[in-house]
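Novice: These are the residues of each chain, in order.
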Amino acid sequence: MARVGVFICHCGTNISGAVDVARVVEAAQKMPMVVIASDNKYTCSEPGQASIRQAIVSNKLNRVVIAACSPRMHEPTFRKAVSAAGLNPYLLEIANIREQCSWVHSHDREKATAKAIELVKMAVAKVIRHEPLYPREVPVTKRALVIGGGITGIQAALDIANAGHEVVLLEQEPSIGGRMAQLDKTFPTLDCSACILTPKMVDVANHPKIRLLTYAEIKEVRGFVGNFKVEITQKARKVDYSKCTGCGTCWQKCPEKTPSEFDLGLGKRPSIYIPFAQAVPTKPVIDTDSCRYIKYRQWLAAGEQGKKPPECRICEKICPTGSIAWDQEPQTITEEFGAIVVATGFQVYDHRHYEEYGGGAYPDVISGMQLERLMNASGPTGGEIVRPSDGTHPKTVAFVCCVGSRDQAKGRTYCSKVCCMYTAKHAIMLKEHDPDVQCYIFYIDVRTGGKDYEEFYLRTLDDAGAIYIKGRPSKIYRDGKKMIVLGEDALMGRPIELAADLVVLATGMEPRTGADKLAQKLNISYNTYHFLVEAHPKLRPVETQTDGIFVAGACVGPRDIPESVAQGSAAAAKVAGLFSSDTLVTDPITSVVNRERCTGCLLCVAICPYKAIDCETTRDTRVVAVVNESLCKGCGLCVGACRPKAIDLRGFTSQQILEEVNSLWS
Amino acid sequence: MIETIRNKAKEWLEKNDGGCVIGYERASDGMTARPVFIYKPYMVGSLIFDETCVHNLSKYLLNRRGLKTAIVVKPCDSRGINLLINEHQLDRESIYVIGVVCPGMKDAHFGRIEDRPLSKCRVCLHHTPAVYDVLVGEPQPETASRDYSDVARIEGISIHERNAFWKEQFERCIRCYGCRQVCAGCYCQECFVDELDPLWVGIRSGPEDNWIWNIGRAFHLSARCIGCGECERVCPVGIPLMLANRKLEKESADLFDFEPGMDAGTAPPFATFLKEETLEKVE
Amino acid sequence: MISAQNTIRPRPHTTYRSFVEAHIRQSIAQCYQCGKCTAGCPVAYTMELTPRRVIRALQLGLENELENSSTMWICLSCLTCSARCPREINIAGVMEALRLATIGKKPTPDQKKFRLFHDLFIMSFQFSGRAYELGLGMAYNVMSGQFLNMASIIPGMLRRGKLAFLPHKSRGSETQHIFQRLEGQNKAMNQAEAGTK
Amino acid sequence: MELTYEPRIVGFLCNWCSYAGADLAGTSRTNYPANIRIIRVPCSGRVDPLFIVKAFQLGADGVLVAGCHPGDCHYSDGNYHTRRRVGLLRPFLDYLGLDKARLRLEWVSASEGKRFSEVVSSFTDTLIKMGPRSS
Amino acid sequence: MIETARYAYYPGCCSKASAKEYTATTRLVCKALGIELEESPDWICCGASSAHSIDRILGIALPAHELLYAGRMKLDLVASCALCFSRLKIAAAELKDDDVRKRVGEVLGQEIPGNPDYRVMHILQVLEKHLDRIHLEKPLKGLSVACYYGCLLGRPKEVAFDDAENPQVMDRVVAALGGEPVEWGFKAECCGGSHVFTRPDIVSKLSHRLLYQAKQAGADCLAVVCPVCHSNLDAMQKSIGKEYKEEVDLPAFYITQLVGLAAGLPPRKLMFEKLFVDPMRLLRAKGLA
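Protein chains in written order, with this note's numbering: chain R, 15 to 680; chain S, 119 to 401; chain U, 22 to 218; chain F, 57 to 191; chain P, 478 to 766.
Where hints are given, some of them may not hold.
Now the in silico label distances, taken between C-beta atoms and shown as ranges [what the hints assert, rightly or not]:
#: 1; chain 1: U; residue 1: Val163; chain 2: P; residue 2: Lys746; range: 34 to 42 Å
#: 2; chain 1: P; residue 1: Asp594; chain 2: S; residue 2: Glu273; range: 25 to 33 Å
#: 3; chain 1: U; residue 1: Arg32; chain 2: F; residue 2: Asn87; range: 35 to 43 Å
#: 4; chain 1: R; residue 1: Pro273; chain 2: U; residue 2: Pro128; range: 57 to 65 Å
#: 5; chain 1: R; residue 1: Cys206; chain 2: P; residue 2: Lys618; range: 38 to 46 Å
#: 6; chain 1: P; residue 1: Lys618; chain 2: U; residue 2: Pro130; range: 54 to 62 Å
#: 7; chain 1: P; residue 1: Asp594; chain 2: R; residue 2: Pro273; range: 24 to 32 Å
#: 8; chain 1: P; residue 1: Glu588; chain 2: S; residue 2: Ser323; range: 53 to 61 Å
#: 9; chain 1: R; residue 1: Glu630; chain 2: S; residue 2: Ser323; range: 32 to 40 Å
#: 10; chain 1: S; residue 1: Tyr178; chain 2: R; residue 2: Thr302; range: 51 to 59 Å
#: 11; chain 1: U; residue 1: Asn27; chain 2: P; residue 2: Glu750; range: 56 to 64 Å
#: 12; chain 1: R; residue 1: Gln534; chain 2: U; residue 2: Arg32; range: 35 to 43 Å
#: 13; chain 1: R; residue 1: Pro273; chain 2: P; residue 2: Gly695; range: 22 to 30 Å
FYI, nobody ran anything at the bench for these hints, they're computed from the structure.
No residue lacks a Cβ here, since even glycine has one placed at the ideal position from N, Cα and C.
Sequences are here, hints too, so could you generate the full structure?
Specialist: Put into structure tokens, the structure is as follows:
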């Protein structure tokens, strides 16, 4: 038998100013199962809470209704209060008579009082149907997976590992390092990118708590916070890493040369290769698309159709440790983790979408990232900045900002944030390389939000003598050896034709291809551009809507290096916080299946946003739904869909809601 | 036609020991049809098919989950099979579907077969079963244009007239639940109408409770009703239940571009959504 | 005096702007003045007010500037600006709208020859149904005072039989009726509009 | 004494957006008619269409279902499902003689306190104009 | 025996004078490919490029007159002039608006059926569609062709049938004829259009840029699909050359002439003599004449 206590708050005059509290008390005393009803000046104050605790004990109350401010305000406070009196904290219901009554009906005391009485009545009707609920504890696997071996992932992995937890760092390419490894210098300090990055890469490789999984991809993710089960595909490297010492003989001798991805097609690499000299691990993979012997084997398998490729196998013959493994196939590894950090980063926007700028057909129209490779001493030209078409030194260089950024017509409305700055860096670097170079920079706005960024931009004007031209060019074409850029000098309001030797497009950032697929596997959200969506853009920037999965760096949106590193560390801190206790407490407001009523139509399985519902077979061979309470977030979507009323939501059961509705007419 | 059905049933029974063929036989009045369950090949001679085979047999499959069963279905009944497979009630492998091209069905009243086909047949679009292992009869083209003149007539009268019309219809309901028992889509372990706590529907048969029962029944069949018309046929007090069902059928076709039971794979409207849809018609 | 003319006094809501926005079914507020329209415009070099500045003038409500400009008449309607606009604004449509909006106004000396050409072009098919190149060219040359315009190619055209001496007529006199009915319709609409005001 | 008709409205409000929006209307002291009784649900997707039918059966003059704007659901896509359910129920109830104006589906975010009060005001207004439900 | 394809055909005003050879070769080639063109007996001017600058409804009504003819014939409407094509296509799109349709209907004195779906094609599309019907008698081997589309075939994108910046249809046609389309960046830049009367200086400047770029890209000749472009690039070529003090000498063919040539139609019928820039020397040098 329910024994309900009703406590009505004056909230100073906030409630009593518009509601006749005495009449509400009087009415509440007459409601069914109400044992005691009383009022309080400030229920949330310590004396107020004490009087509730006392009333619970002295009146043997087993249900409590507090009519006060919004439950979004003080529900946790009052739950603690009833809990302190020995009652299950979920046997409490709050009637919102301040925000949704006294404050909005201040002009009509009569109606406000009548409404307050009804709100209390609804709460009483509902609380009678409350059941005690108990949070559950689940163990935490203190092991983290970091997806993406760029600077963000490296930072996150090192920080988690330094906090004493095991980390697996997963990278889809043959080496970690990411985009930062491709850069020459970094703004605004002009640090050599490799000089600050490669020590961290080595730290990762040598850290006892970090296991590196390169050339690997996520296949499937199951489970929930503290208990993820991840299937990882280790792609076939065709090299046995347990034997390989990374001596380098093979990649020096391989006769096949193919365009280097790392150098963005400006240079070549062998078929058995490490992407760049400082790669970690320093062990090669065989590129099965270009390798002669692989092609030979495919030719054999296809019934010797067409021209016979050479049966090369030089790497195999030359390898001192016999590491070449032609028959190596992709492998699936299953690992368990308590938390996952997603740091898949970005890729450079492909300027082939700009047909008006030549659609990628002009060799002397290059992307900013390609210029990085040209400037880099370990790049394809040994750091000599030359025109890809004829190898001459450009004297007039035009830069075009916002290529693939701020361009709705190209499906990219956002600002990529880093291009203004890296273009300024390029102008300064070009001038340093060759004092005869004149740079022209076509821009819409110059954005330099960041410490020392504006000062850096001013250097391009003062030191490098770059000429900034406000206006987005409309066309780039070739005239003889020159590239002509058609623009407008919007400040003069006149068209401008610039004949340049080299045009550098400041291409923007976009998420890595496949970021959406990965997000689907992880069950986290992404936006129209496939940038991942954080739980809250300001207050929870590295968390996601899925507990235990964190995001960091440029996979969330355009970021520069300092921000990416900060986010990597932030995500690591979140992971360390999660791992600080051995168990996790979960919210008891979850769905629950009545197996007798369930027909196994599995509509709930189809619509659950958290994949929290699965099915199982009962002993009488019926298929029924079953809720994984650790995954369930308590939205109740499944309950609203269930025809046989076989699934219900604790704390918001159909009984409870219908009692609320019924009470309005009883 | 009948010979083909019998031959196919016989062939199947010979190959599937312990299987059952669900079909139609002549009723004892010598005129109408009734369901028959045949377990032995030599008994297939009683199978018939003609315009009196009004019953939707697909609901019987629910009693033979996982058991080898062959079934004779009309196009509308065949959609029931798809519906039940889609809702994970049946598995396709255990069922052998003898689909029959439908000429339109006629009901019998007072010892006489009516002249006109059933009203559901007059507005029927699909004359060839949506699913079958063997098809009896020549495939017929679909009726191209939808005929919702019956629904439109109700839509055309005023809101007060509509209210009065349905009130009068639902008031007659005696809550026998025949409509539910015969419906292939009604297979809950316990119907919401029978639940006591919470009490969705009052126990008495009165205007208010009849109202919510009939709405609840129809809405639970929204985007699921396959249009077999069995509910209306068995209603002892003659409530035009299909008139309600067909409104939902029309709306779910218009709003979600969905026709229930046309295949077993398409996600039903309440299992999916489109981010960009608005679902608001110009009013 | 000069400073008074040069100082901009913004009027963001003008009838020109609403007319233009209705015509292109877009808001010109979307323009962020990147200048790609002007950059690609093949005739921007010969405009006082470049396409970007036309949009700017609309945003600020500089009606005089717009009315006195020849930009919309120099515009070739090649749609390069619209095709490349990163904000997907139909700038060529803006030009078309400005032509329609100023058609009733007295042309400036610079606008005159464009307006004359269009009037003559329309006249050249208003009665016969089909445009009459030779007649159009000769009439234009005489009336614009550009007597020797294209003189260099006329003999060649004649020699190759590429100029018809007489207008080619469409069967029936449909075009005349079209013009009559259009005039009637426009009149009725103007009256109706005046009536509502 | 003049007898005025006071319609009864049942509002099902999602906890994260619309309930918070209703709270904000209070915090900013925006007055609106006192005809609505709010039932808090975690998500508009928790609303069983039968709750709505039940409220009408008991005598509600109007039912408001309010959730986060499409794309903003706290539970990623609950409101899209609500939109489909209510989107189908509304024309059906209308067909059965219950004017579709009596069932409203609205998107109210946590920052739209003013909008919430406008929704309740206009809904109450509409219902007063329509008068009591014919029985 | 190949099946006959039928289209409604809109020749446009230039067909009667400055672009006689375009119309004639269009008919000739279509006949050879088994394509029937039905010309409306009472077609009228599409109004380009003036009507839509003077009155919005007039600019739609004039081309709509022809759309209605095609609609009655239940045929796709083909135009050979890029300018006409553009007006027809835009009018077809505008007619989807109920108010516009009503007003245009009034002006044309006839009811325009609702939900109209008027399909307008350019002759290039027709040629590409039926490319397989061409029997290559004389492949255009070694002939480098700069395909010039003009500004309107790829714009606006709502009515375009090819990319706005780097269209490909004509390149595919030329390649299918055995010719060598050259890559160049000015396929869709404007030639100056109808400004030939009002601002001949503009036409000179823009057309010169085109000719120069085509030449620089290594083209032997141009292929053109619009009478206005053609007159600017062919008839005006000599005076442009004078103005810029350089001999260009770049024959400008209509695409239909090239198709006819490759299909082995008699050169006499292809009306090369109508071109200002004599192509015969080039054709002889390439062994095509």
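Novice: If a hint holds in the structure, say so; if it does not, say that too.
Specialist: Cross-check of the supplied hints:
Between Val163 (chain U) and Lys746 (chain P) the CB atoms are about 38 Å apart, so this pair conforms to the stated range of 34 to 42 Å. At about 29 Å, the CB distance of Asp594 (chain P) to Glu273 (chain S) agrees with the hint of 25 to 33 Å. Between Arg32 (chain U) and Asn87 (chain F) the beta carbons are some 38 Å apart, a value that agrees with the proposed interval 35 to 43 Å. Judged by the Cβ atoms, the range 57 to 65 Å given for Pro273 (chain R) and Pro128 (chain U) holds: they are separated by roughly 59 Å.
A hinted range of 38 to 46 Å is violated for the C-beta pair Cys206 (chain R) and Lys618 (chain P), which are about 55 Å apart. In this structure the hint that Lys618 (chain P) and Pro130 (chain U) lie 54 to 62 Å apart at CB holds, the actual value being about 55 Å. For the pair Asp594 (chain P) and Pro273 (chain R), the beta carbons lie near 47 Å from each other, so the given range of 24 to 32 Å is not met. About 57 Å separates the C-beta atoms of Glu588 (chain P) and Ser323 (chain S), a value consistent with the hinted range of 53 to 61 Å.
The supplied range of 32 to 40 Å is met by Glu630 (chain R) and Ser323 (chain S), whose beta-carbon atoms lie about 39 Å from each other. A hinted range of 51 to 59 Å for the beta carbons of Tyr178 (chain S) and Thr302 (chain R) is consistent with their spacing of about 56 Å. Distance hint for Asn27 (chain U) and Glu750 (chain P): a CB-CB separation of about 59 Å, consistent with the stated range 56 to 64 Å. Between Gln534 (chain R) and Arg32 (chain U), the C-beta spacing of about 51 Å breaks the proposed range 35 to 43 Å.
At roughly 27 Å, the beta-carbon separation of Pro273 (chain R) and Gly695 (chain P) lies within the given 22 to 30 Å, and the hint holds.
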